[in-house]
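Residue numbers (my numbering), protein chains in the order written: chain A, 2 to 341; chain B, 2 to 341.
A couple of the hints might just be wrong.
In this list, chains with the same sequence are indistinguishable; a pair is considered to hold if it fits within one copy or across any two.
As the list claims (entries may be wrong) - Mimicking PhoX-like on lysine-lysine, the simulated pairs with C-alpha atoms at most 20 Å apart in a straight line are:
1) K169 - K34
2) K18 - K169
3) K289 - K259
4) K206 - K289
5) K79 - K63
6) K34 - K18
7) K73 - K63
None of these hints come from the bench; they were simulated from the model.
2 protein chains.
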Amino acid sequence: MRVIMVGFGVVGQSFAKLLLSRSADLYSQYGIKPRIVACVDNSGSAVAPAGLDLERLLAAKKAKGTVGAYEKSGVGKKFAPIHIIENVDAEVVIECSPTNLTTGEPGTSHIISAMRTGKHVISVNKGPLALAFPSLIELANYNGVMFRFSGTVGGGTPILEFAKRCLKGDRIISFQGILNGTTNYILSKMEEEGISYEQAMADAKEKGYAEADPALDTDGYDAAAKLVIMANWVMGMKVTMKDVARTGISGVKASDVKKAAGRGNAIKLIAACDTRRLDVRPTEVSKKDPICVNGTLNAVTFSSEHSGQQTIIGRGAGGMETASAVLRDLIEIRDTVFER
Amino acid sequence: MRVIMVGFGVVGQSFAKLLLSRSADLYSQYGIKPRIVACVDNSGSAVAPAGLDLERLLAAKKAKGTVGAYEKSGVGKKFAPIHIIENVDAEVVIECSPTNLTTGEPGTSHIISAMRTGKHVISVNKGPLALAFPSLIELANYNGVMFRFSGTVGGGTPILEFAKRCLKGDRIISFQGILNGTTNYILSKMEEEGISYEQAMADAKEKGYAEADPALDTDGYDAAAKLVIMANWVMGMKVTMKDVARTGISGVKASDVKKAAGRGNAIKLIAACDTRRLDVRPTEVSKKDPICVNGTLNAVTFSSEHSGQQTIIGRGAGGMETASAVLRDLIEIRDTVFER
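Input sequences plus hints: build the corresponding full structure.
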């Protein structure tokens with residue numbers, strides 16, 4: 002199975018390490034032998050039809066900051082990702098370039114060109130999905146390729162698979178969740194230590210949980226993007242970012258948190274979906290509710306028609322965790338498309 | 002798809018109701034049209050090769066206490082379940098006779114005779130699995146039939162499917178869980194109200210959560226049975242009830258619960274499994290741990306090699322919930338064995 006990797010940041014590198022450590026096992030247990038035949042990042046690219054040497058690829062990235070350093074002659078020589086996607090023979094493209102929730106680029110263009118050239122796509126990038134889910138699914142169907150994106154929601158926690166596979170035969174009526182670890186850390190901290198939003202945010206930055214521009218998290222964009230992906234995939238809705246009513250957490254006061262605690266509740270940034278509305282906003286939830294998790298954990302509760310309410314909880318981020326979601330997608334594509 | 006139902010208690014009747022309410026939908030969405038061609042309970046049986054009329058079957062059971070009343074001439078006329086299983090043409094047998102964790106009977110005999118006559122088996126009955134899991138799996142493989150039992154653990158909460166399907170490509174190293182709702186209700190009640198074990202037990206009986214003979218729950222047998230099923234299915238261990246070290250909750254004192262609470266912890270009946278040991282015993286867990294759920298909820302935390310820890314929480318019982326698990330199994334058998 003030949004794979005093109007677009008983007009080689011934390012998740013991409015973790016995926017390469019995962020393949021290195023699991024290759025024997027993957028072959029014996031699942032009959033797959035993934036070869037990364039091309040890898041492209043911001044500053045360079047590496048191509049090898051027989052498969053790149055992953056240890057050398059990781060070393061090149063570490064030493065020079067780009068996979069272009071894989072070959073001596075490769076430094077400074079740059080092929081555009083689209084050129085690689087369209088011209089290198091491969092079955093699967095893994096899109097893990099950085100998420101942009103305003104334009105969806107460059108991820109959207111990568112995915113479109115992969116699908117158009119008949120390649121299955123695994124995306125870790127939320128941007129294209131949040132902005133154009135319905136049309137990307139249509140394009141995948143039109144071109145007869147598979148499109149998977151388990152790592153976009155819940156990191157390594159298989160939230161999308163749970164909804165889609167484990168509740169087969171039942172009907173999910175609604176779901177709600179804590180989908181962003183950074184805001185959950187901030188709100189948990191405010192409650193536990195009685196501190197203000199600003200103080201908790203400073204702490205989150207210090208711990209490396211918040212980005213330089215934290216608005217993506219705190220204004221609820223990240224949670225909204227994940228909500229859109231889930232609403233499309235789990236509920237069959239055809240929605241994008243603009244359909245989400247969104248309120249961030251910057252208006253949550255220490256006194257609000259304290260009052261809620263007095264009622265046995267906590268304030269959480271809840272992303273909710275039923276068949277009519279998509280909502281991200283600070284919401285008071287009972288501390289006895291399984292969804293009420295603390296720290297950087299994510300949690301989603303699904304309500305289904307016959308099997309009741311189920312909650313799934315796990316870390317919503319992490320390079321190796323997300324890489325394990327990419328691997329699950331790869332195995333699923335293999336199982337579905339290629340006969341063993 | 003022709004189905005024989007053995008046992009027609011709460012779960013069996015819920016399953017019949019589920020088929021009635023979902024038949025159109027099941028056909029359009031999954032292409033399945035299950036027909037119950039025979040149903041047998043303690044006092045009688047009903048057989049109809051073209052499929053029993055489920056409304057009439059439910060009415061007969063309700064009016065006379067047995068499915069034997071389906072035909073006027075059927076009252077008092079009784080075929081043994083084994084006779085029905087061996088002589089009625091069908092693809093699937095659903096075993097939902099009462100659980101017996103000492104002998105495993107009559108469920109084990111039903112399952113063996115179904116497999117020997119080439120029928121796939123769905124069991125809601127924990128007894129046969131707790132006592133003879135490895136040999137039943139072997140028998141199923143030998144006879145080329147499928148064996149599913151989603152409803153035995155977690156009621157409608159897809160705990161077994163989650164472990165088996167959603168974490169594909171990863172390796173579960175260990176898991177621990179609250180697998181029995183009754184004991185969790187009692188322990189939660191002791192903590193919330195500061196009452197004794199005996200008082201909480203009386204309350205559980207009043208609410209209908211405890212059986213006339215509550216030892217199955219309180220001595221940890223039910224949790225141990227579920228642990229055995231999970232250890233075999235999820236971890237590939239070959240174990241039975243006798244491999245579980247088991248301590249019940251009757252020795253838990255109000256003062257123990259209070260002391261634990263002072264440390265921010267709660268005492269829960271935890272069933273735990275790693276590759277070396279199987280354990281059911283009252284254990285102090287942090288209230289911040291997602292596994293620390295209250296009331297009749299069940300919760301399981303899986304630790305896997307690459308994707309970290311994940312917890313799944315839901316009601317562990319309920320007729321309709323468990324029936325929905327049976328339906329999931331049926332769809333899976335259909336998808337795997339029969340081409341659409």
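Quiz item: Can you name, in rising order, the numbers of the hints this structure does not satisfy?
Solution: Result: hint 4 breaks, nothing else.
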